[in-house]
Structure formats: C-alpha cells, structure tokens
Amino acid sequence: MIDLNTVWFLLIGVLIIGYAILDGFDLGVGVIQLFTKDAKERKININAIGPVWDGNEVWLLTGGGALFAAFPIVYATVFSGFYMAFMLLLFFLVFRAVSFEFRKFSETEEAKKRWDLAFALGSTVPALLYGVAIGNIMKGLPIQIVDGKIVSQITFLGLLNPFAILIGLTGFAMFVMHGAIYMTMKTEGAHLEKMIKWANAGWIAFVSLYVVATIVTMFVASYLFIGIMNNPLFWILSLLLIAGIIYIPIGLKSRKFGWSFLASSTTIAAVIGHLALGLYPRLVPSSFDLENFSLTIYNASSSQYTLQTMLIIALIGMPVVIGYTIYIYRVFKGKVILTKDSY
Amino acid sequence: MDALLLARLQFAITVGFHFLFPPLTIGLAWMLVIIEAIGWKKKDEIYATIGKFFGKVLGLIFAVGVASGIVMEFQFGTNWSEYSKFVGDVFGAPLAAEGVFAFFLESTFLGLYIFGRERVSRGVHWFSILMVAVGSTISAFWILVANSWQQTPAGYIIQNNRAELIDFWAAVFNPSTLPRFFHTLAASLISGAFFMTGVAAYWLIRNKNLEIAKKAISFSVVFGLVASLLALFPTGHEHAKQVAYTQPEKFAAIQGLYKTQEGAPLAIFAIPGTEPPKLHFPIEIPGLLSWLAFGDFNAKIKGINEFPQDEIPPLFLTFVSYHNMVLLGIYFIFISALSVYLLWKKKLFENNRLLKILIWSTPLPLIASQLGWITAEVGRQPWIVYKLMKTKDAVSITVTAGELLFSIIMFVLIYILLLSIFLSLLFRWVKKGPEPLKMEAAQ
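From first to last, the protein sequence lines stand for chains A and B. The first sequence begins at 1 in my numbering and counts up by one. The second sequence begins at 1 in my numbering and counts up by one.
No lab work stands behind these hints, which were simulated from the structure alone. Treat the hints with caution; some may be incorrect.
Among the chain B residues that face chain A by a calculated CB cut under 7 Å, a handful are [stated by the list, open to error]:
id, residue
1, V64
2, I70
3, M72
4, G92
5, S107
6, G111
7, R119
8, G123
9, E275
For each residue, glycine too, the CB sits at the ideal point set by N, CA and C.
Sequences are here, hints too, so could you generate the full structure?
Structure (structure tokens):
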C-alpha cells in the first residue's frame with residue numbers, strides 16, 4: 001500500500017521545486033532588471049523570459065491549488081496566518097503580471113522604463129519574500145492545536161525575524177544567480193559578459209549565504225538535522241548539491257551555459273530537497289511544541305479518497321504539461337531575437 | 001467595521017474585477033480560432049490581419065486576467081480559512097485540476113501564439129490559439145465545478161468536522177455544474193463578439209480600416225447573435241429551471257415570488273420592497289413562471305414565505321440583478337438580430353446610428369455577467385455552501401478588520417489604476433488600428 005500522504009508531500013515538493021527552477025529565473029532576471037540602465041539590454045531581459053514567464057508562474061498557482069486540495073489545513077492556516085505578507089506578495093505579483101503587456105503597448109521610452117521598474121520590483125520583492133516564508137516555516141510558527149482546532153498567534157512583524165530574513169536573502173541570491181545563468185543562454189556580446197559577471201557574483205553571494213544559513217539553522221532549527229545522516233537520500237542530494245555548486249563557475253568559465261543552467265537547476269532542486277527531507281513528515285512545525293502541535297502530512301491532509309483522486313489527476317495531467325512545456329522551450333531556444341511582436 | 005462584511009466586500013470586489021477579463025479572453029479566443037483558421041486555410045489576408053490585431057489585444061486582456069486571478073487563488077486561504085478547512089477535501093481538487101489542466105495549457109500556448117508567429121508553421125500557430133481557447137474554457141469548467149458545488153453540493157459526506165469527498169464524479173457533475181458552465185460559456189462568447197463588434201463599428205464610423213472593419217463586424221454580429229440566443233435558450237432557461245428545482249429560496253427571491261402559489265406569475269417588471277416583501281408596480285404574466293420552471297401552468301412554486309427568515313437571501317439585490325441581467329440578455333438578442341438583418345440587407349456599414357449604439361454596447365455583456373454573478377452568489381446567501389455552512393462561519397478568524405481595511409484599500413487602488421491604464425492602452429491601440437493591408441498599400 002503506498003502512503004498517499006507521503007506521495008503528496010513529494011508531489012507538492014516537486015511543484016515547489018518546479019516553481020523555483022522555472023519562475024526562479026524569471027524572478028532573478030527581474031532583480032537584474034532593477035540594475036540595468038541600458039534600454040536595449042532591458043528590452044532583451046524582458047524578452048528573454050517573455051514567452052515563458054506566464055507558464056512558469058502557473059507552477060505557483062498549481063502548487064497553491066494542490067496544497068489546498070491535499071493539505072487544506074496547511075493552506076488555510078499558513079495563508080491566513082501570513083495575511084499581510086501575502087497581501088504584500090500579491091501586490092508585487094500583480095504588477096509583475098501586467099508589466100510585460102503594458103510595456104508592449106507603451107509608446108514612449110519613459111513609459112517603458114516605468115513598466116520595467118514594475119517588472120523589476122514585482123520580481124525583487126517576491127524573490128525575497130519566498131525565502132522569508134520558508135525561513136519562518138523552518139523556525140516554526142506559533143501555532144497550537146487545542147481541542148482539535150488550530151490556534152495561531154502569527155504576526156506580520158513576527159515573520160520579519162532575523163533568521164527568516166537570512167533565509168530570504170539566501171533564496172534571493174539563489175534566484176539572482178539562476179536568473180543570470182539563464183540570461184547567459186539568451187544574450188550575446190557585451191550583454192553576455194555582464195550576465196556572466198552577475199552569475200558569478202550571484203554564485204559567490206549564494207554559496208556564502210547558504211553556508212552561513214546552514215550553520216545558523218543547526219542552532220535555530222536543529223530538529224531539521226535529526227537522523228539526516230542515516231538517510232541515503234541526504235547523501236544523494238548532498239552529492240547533487242555539491243556537484244551543482246562546483247560546476248557552475250567552471251561551466252561559466254568554459255562558456256558551457258546550458259550545462260551551467262542545468263547545474264544551477266540541480267542546485268535549487270537539491271537545496272529544496274534537503275529542506276523537504278529535514279521537514280518530513282511535518283509541513284508546518286510549531287514553535288510551541290514540535291511534537292504535538294505541528295501540522296503534519298497526516299494531521300493536516302485531505303481524506304485518502306481525495307489524495308487518491310488528486311494523484312490520478314496529477315498522473316494524467318502533469319506528464320502532458322511537461323511535454324508541451326519542453327516543446328515550447330525548444331521553440332524559443334537560443335539567443336533572444338527582437339521582432340515587432342516583442343515586448 | 002465588521003471583519004466579516006469587509007471580507008465579503010473584498011471578495012466581491014476582487015472577483016468582480018477579475019471576472020471582467022476571462023469572459024473576454026474566452027470569447028475572443030474562440031473567435032480567433034475561427035478567424036485564424038480562415039486566414040490560414042483560405043489565405044485571406046484580411047482575416048489574418050484581424051487575427052493579428054485582436055490577438056495582440058488578447059494578450060493584454062489575458063495579462064490582467066492572470067494578475068487578478070492570482071489574487072483569487074490565494075484568497076480562499078487568506079480570507080476564508082474556516083471555509084477552506086471545512087470544504088478543502090472537496091473544493092481543493094477542482095482548483096488544482098484547473099491549474100493542471102487549464103492554466104498551464106492556456107499560459108504556455110498563449111506565449112507561443114503571441115511570440116511564435118515567425119517561429120512555427122501556420123498550422124502550429126493556429127493550434128496554439130486553439131489551445132488558448134480550449135485551456136481558458138477548461139479553466140471556466142473547473143472553477144464553475146467548484147462554485148457549483150457550493151450551490152448544489154454532492155458527492156460528499158460530513159465527517160471529521162468537514163465535508164469529505166466520497167464520489168468525485170458526483171461532486172464534479174453536481175446538479176448545477178453543466179447548466180452554469182454552458183450559460184457562462186455563452187455569456188463569454190457574447191462578450192467577445194460585442195467587443196469585436198464595438199471596435200469594428202468604431203472604425204466604420206471613423207471611416208478607417210474599412211476592408212478589415214467590414215469583415216470583422218460581419219463575423220462578430222453573426223457570432224454575437226448565435227451566442228445571445230444560446231444564452232437565453234437553452235442555457236439560460238436550463239439554468240433557471242435548475243435553480244427552481246435545487247435552490248427554491250434563490251428562485252423565489254430572484255423571481256420576486258413572496259407567497260407560495262400555484263400558477264405563479266412571471267414578473268417582467270417590479271420594484272421589490274422588503275418590509276414586508278412585496279412587489280410594487282408589478283407587471284406580471286400569470287402562470288408563466290410555473291410553466292417555465294416546471295412545465296405546468298398550475299405548478300405550485302414555493303414563495304419566500306415558506307422559508308425560515310434567516311435562511312433567505314437579500315430580496316432587493318437578487319431581484320434587481322436577475323431582472324436587469326435578463327433585460328440585457330434580451331437586448332443582446334435584439335440588437336444582434338437587427339445588426340444581422342441590416343448586414344443581410346447590405347445596410348449595416350453605413351448605418352451610423354446603429355454603429356454608435358453598437359460601440360456603446362461593448363461593455364454591456366460584461367455588466368450582464370456581473371449581474372448574473374451577483375444573482376448567483378448573493379442569491380445563495382446566507383450560505384457559503386448551500387445548507388452546509390453559513391458565510392458568517394467561513395471567514396478567517398485570525399485576520400482583523402484593520403488588516404482587511406488595508407487590503408481592501410490596496411486592491412481598490414491598484415485595480416482602479418490597472419483598469420484605467422488597461423483602457424487607455426486599449427483605446428489607443430484601437431485608434432491606431434491594424435497594419436494596412438498589402439493590397440491597400442499597393443494601390
């Protein structure tokens with residue numbers, strides 16, 4: 001008998017990893033846009049992700065929907081508990097979403113600059129917030145289960161604690177590195193050299209922050225490491241993580257940008273995989289009482305029938321999605337070519 | 001201010017704003033499927049130009065739809081946590097299915113449609129707009145499955161303090177899913193048609209892009225007539241019958257039937273009063289409501305007086321929204337029929353008075369859709385899930401009125417901003433018009 005709850009833990013993990021790898025580079029490009037002065041370069045940045053960003057963002061929506069379907073108690077508790085943070089996130093995501101088309105329909109350089117800023121901020125703030133959210137989950141939230149009901153004392157300012165901000169910055173650096181590496185596949189000339197610099201800088205920032213974050217986590221959320229060395233998955237993921245991290249600067253130097261992007265994606269997957277491994281089987285650890293008040297894949301899930309039905313939906317739908325997603329990336333492979341249909 | 005009222009207000013504002021865009025997306029996408037097919041297979045340059053012009057508009061509309069849609073996906077969790085916990089086992093699945101089967105499809109292929117014209121064959125390009133149309137329609141299906149389950153829940157049991165799914169297909173194809181899906185689809189097609197008609201009419205009056213405007217309007221008025229007829233019959237009628245059978249309180253409220261009667265009249269017009277419930281200045285056709293709802297002029301229909309007073313919806317808003325929606329629906333049929341008739345008589349293109357009316361009619365299908373949704377959702381009150389959970393018990397308990405006030409103001413401001421920018425960009429694009437035809441340029 002397969003453990004459906006564990007299967008769904010893994011599937012949500014896949015959706016989160018998929019989102020981080022795909023919309024992750026969109027967000028990274030957005031951060032880069034914030035610091036890009038040249039109008040032509042800004043145009044190329046936007047068009048590098050133009051045809052694919054929307055499909056990438058769907059991983060977030062589907063992840064949210066899947067969380068609602070499989071672990072509705074987590075969805076309800078976290079989304080309402082992080083209310084102001086979510087409103088902040090939504091504000092910026094809304095502006096990012098419209099910025100592409102509004103830019104396309106703009107006629108003056110001034111107007112285009114405005115939408116580039118909307119795109120940039122609409123990417124930068126979410127890129128920070130995601131890590132802050134993850135950091136808070138890792139640290140544990142002030143929730144209790146009293147008479148079968150969840151009592152939550154989450155506050156917005158409470159979410160902006162130093163640990164969460166550290167994780168936020170780590171995630172941010174990861175997205176910037178990843179976005180820059182993506183851009184190395186899409187640009188040429190002086191622009192390409194700039195992106196390589198960004199990628200290397202992002203790599204240094206990410207690796208430094210990741211090491212610091214890992215050490216700090218050993219103190220702040222030590223439960224994540226319990227028994228982890230006994231798990232073969234830990235070693236596999238660590239191998240992938242190290243291989244990915246080491247290869248990136250090598251790949252950039254030898255101008256094997258596609259391989260560098262693969263390495264960066266692997267790194268992201270391994271980072272999130274490690275986190276999932278440590279968290280399992282919890283979804284929302286309680287900072288009051290880890291053992292008794294945490295939301296787990298068992299106490300916060302939907303019924304077995306729903307998990308099974310959802311699994312069938314996922315098994316039918318996702319392979320098709322991956323199929324045509326690969327197709328569309330193939331169509332738009334290579335360096336950005338600006339046409340009159342461009343953003 | 002009451003947190004519950006604010007949460008309801010916020011949901012109404014955000015979903016109302018959102019629902020301006022998907023109907024246009026669905027309507028335009030299906031029209032483009034046909035238009036691009038003709039442009040491709042018949043090598044018709046005019047149709048191809050119409051496709052390019054409205055295709056670009058589709059991108060703009062879709063973007064605002066996505067932006068406002070993200071807000072909706074999260075809002076069940078942020079503002080309705082108690083609801084989400086109670087229904088998540090049933091309600092979450094169609095939302096996830098919407099993501100897996102619809103969002104990915106429409107978003108991925110829209111990218112191909114907008115950017116891929118030069119990169120793929122005509123056939124593949126046409127396939128991409130087909131996938132956008134299909135994807136957006138599947139999206140409508142799944143979200144309507146979810147909302148219909150709130151109206152007529154099925155396929156569940158109450159267990160572990162929540163609704164739990166026991167029959168997926170029964171839940172998906174609950175009694176109201178199909179009538180509502182087809183009716184909403186018809187409404188979307190009307191929205192797209194009237195949009196294209198309004199733009200083309202504008203060009204005709206200004207004597208610009210004549211070849212293109214004539215072909216576009218010829219297509220869209222016919223499309224609009226078919227869609228308008230379908231919205232009334234069979235979809236509108238079937239949906240109203242379904243409400244009569246499965247949601248008698250809502251039916252009584254929207255029809256203004258305040259006392260149970262046999263041979264219930266159809267109220268064509270009235271001003272509904274609430275204390276006590278009474279129709280003022282009614283214009284009614286005796287027996288017609290009974291016949292329409294149950295096929296029998298003498299059928300007994302339950303009036304509002306039959307139901308506990310704390311389980312009936314607001315009477316004024318439901319009656320007024322429903323009747324104005326129907327009024328608009330009939331107007332759509334009438335104005336489309338008139339346009340098609342004049343088109344047939346070859347008198348449409350020069351009839352400036354009608355063209356002006358058509359321009360002003362452009363947003364009316366969207367208004368009708370809003371009225372329909374007000375009817376549906378306000379008509380379901382006080383229930384958030386009919387007979388299972390009251391709206392007042394569904395709201396997030398940890399979100400304060402202060403936080404809600406902040407988020408409502410935030411959404412109102414950004415949506416006003418987005419709407420104004422959207423409209424100004426759209427108007428400018430329409431004014432600019434499509435690229436001149438090669439044949440015209442050659443002359």
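Okay, the hints, checked on the actual structure:
With 7 Å as the threshold, the beta carbon of V64 of chain B comes within range of chain A, its nearest partner Cβ sitting at about 6 Å, so the hint holds. A distance limit of 7 Å between C-beta atoms decides the matter here; for I70 of chain B the minimum to chain A is near 6 Å, and the interface restraint holds. Hint status for M72 of chain B: violated, given a least beta-carbon distance of 10 Å to chain A, over 7 Å. The criterion of a C-beta within 7 Å of any C-beta in chain A is met by G92 of chain B, whose closest approach is roughly 3 Å, and the hint holds.
Interface restraint check for S107 of chain B: the shortest CB-CB distance to chain A comes to about 4 Å, inside 7 Å, so the restraint holds. The beta carbon of G111 of chain B is positioned within 7 Å of a beta carbon in chain A (closest approach about 4 Å), and the interface hint is therefore held. Checking R119 of chain B against chain A by beta carbon gives a least distance of about 6 Å; that is within 7 Å, so the hint holds. The interface hint given for G123 of chain B is violated, since its Cβ lies 14 Å from the closest Cβ of chain A, which is over the 7 Å cut-off.
Residue-level restraint check for E275 of chain B is violated (minimum Cβ-Cβ distance to chain A is 37 Å; threshold 7 Å).
Hint violations for this structure: numbers 3, 8, 9, all remaining hints satisfied.
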